[in-house]
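Participant: If you read the sequence shown in numbering that gives the first Met the number 0, its first letter stands for residue 0, the second for the next number, and so on.
Bear in mind the hints are in silico, worked out from the structure with no lab data behind them. Nothing here was measured: the structure is a model prediction, and the numbers come from that model. Glycine included, every Cβ here is placed at the ideal spot set by N, Cα and C. Watch out, some of these pointers could steer you wrong.
As the list claims (entries may be wrong) - Here are the computed lysine-lysine pairs in the PhoX-like style, where the Cα-Cα straight-line distance is at most 20 Å: (1) Lys-185 to Lys-200; (2) Lys-80 to Lys-200; (3) Lys-135 to Lys-172; (4) Lys-167 to Lys-185; (5) Lys-80 to Lys-167; (6) Lys-115 to Lys-181; (7) Lys-185 to Lys-172; (8) Lys-80 to Lys-7; (9) Lys-80 to Lys-195; (10) Lys-126 to Lys-168; (11) Lys-168 to Lys-185; (12) Lys-168 to Lys-80; (13) Lys-115 to Lys-185; (14) Lys-167 to Lys-115.
As the list claims (entries may be wrong) - Distance windows between CB atoms, simulated: (15) Gly-63 to Arg-149: 22 to 28 Å; (16) His-26 to Asp-106: 53 to 59 Å; (17) Glu-184 to Ser-94: 44 to 50 Å; (18) Asp-175 to Pro-21: 45 to 51 Å; (19) Lys-167 to Gly-63: 23 to 29 Å; (20) Lys-126 to Leu-161: 35 to 41 Å; (21) Glu-159 to Glu-204: 17 to 23 Å; (22) Arg-39 to Val-88: 49 to 55 Å; (23) Ile-141 to Glu-204: 40 to 46 Å; (24) Val-88 to Lys-17: 52 to 58 Å.
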Amino acid sequence: MIKIELSKRQERILQIVKQDGPITGEHIADQLNLTRATLRPDLAILTMAGFLDARPRVGYFYTGKSGTQLLTDSLNHIYVKDYQSIPVVVDESISVYDAIVTMFLEDVGTLFVVDKHALLVGVLSRKDLLRASIGKQELTTIPVNIIMTRMPNITVCTREDLLIDVAKKLIEKQIDALPVVKETEKGFEVTGRVTKSNITKAFLELAEESY
């Protein structure tokens, strides 16, 4: 869990606002024997981080939220659409050999398989392709629809899903990526993908904002 570290002066400001809030910045500065200009950056940080809130002609007041609560609030406002990437899609009729080449050239760990209507019908992972490569089979003659994971055994997500929920699905299913889909009358259309790398990027950005 990411911990939001505050300076001693920022912790003192929180104590003052908890005790005397709502309180103006000028009165906080007086209690700390500081100028208003010196105090302004700390107040800005505490307000942007969500520890404090401010109202014109009223002053600063404590939101009552801990660092953990603020982190949870942040996670509950990060959606798939904010971090999804472009999916790599292949037709169900291509061969295992062509799928391996595509995965290598695109540098991805998961391929999404679609039918002639461009609707999701399967998913191919590195493990699927590696398993198919073992032995003396002619990979150019084996279509991917024989080895792929098929619907309805595919976990999907939508643009409006919370990224934290997708992270839980990836861990629970022990997979590397989920297709982002749009539901149509005939099935799911693949519009994006969310990978462990996407989620790591989001959490790192959140961590940087928290320090």
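Participant: If a hint holds in the structure, say so; if it does not, say that too.
Facilitator: A quick look at each hint next to the structure:
no. : hint                           : in the structure
1   : Lys-185 to Lys-200             : 34 Å, violated
2   : Lys-80 to Lys-200              : 14 Å, holds
3   : Lys-135 to Lys-172             : 30 Å, violated
4   : Lys-167 to Lys-185             : 28 Å, violated
5   : Lys-80 to Lys-167              : 17 Å, holds
6   : Lys-115 to Lys-181             : 17 Å, holds
7   : Lys-185 to Lys-172             : 26 Å, violated
8   : Lys-80 to Lys-7                : 38 Å, violated
9   : Lys-80 to Lys-195              : 15 Å, holds
10  : Lys-126 to Lys-168             : 18 Å, holds
11  : Lys-168 to Lys-185             : 25 Å, violated
12  : Lys-168 to Lys-80              : 16 Å, holds
13  : Lys-115 to Lys-185             : 12 Å, holds
14  : Lys-167 to Lys-115             : 32 Å, violated
15  : Gly-63 to Arg-149: 22 to 28 Å  : 49 Å, violated
16  : His-26 to Asp-106: 53 to 59 Å  : 57 Å, holds
17  : Glu-184 to Ser-94: 44 to 50 Å  : 31 Å, violated
18  : Asp-175 to Pro-21: 45 to 51 Å  : 49 Å, holds
19  : Lys-167 to Gly-63: 23 to 29 Å  : 27 Å, holds
20  : Lys-126 to Leu-161: 35 to 41 Å : 27 Å, violated
21  : Glu-159 to Glu-204: 17 to 23 Å : 20 Å, holds
22  : Arg-39 to Val-88: 49 to 55 Å   : 51 Å, holds
23  : Ile-141 to Glu-204: 40 to 46 Å : 41 Å, holds
24  : Val-88 to Lys-17: 52 to 58 Å   : 54 Å, holds
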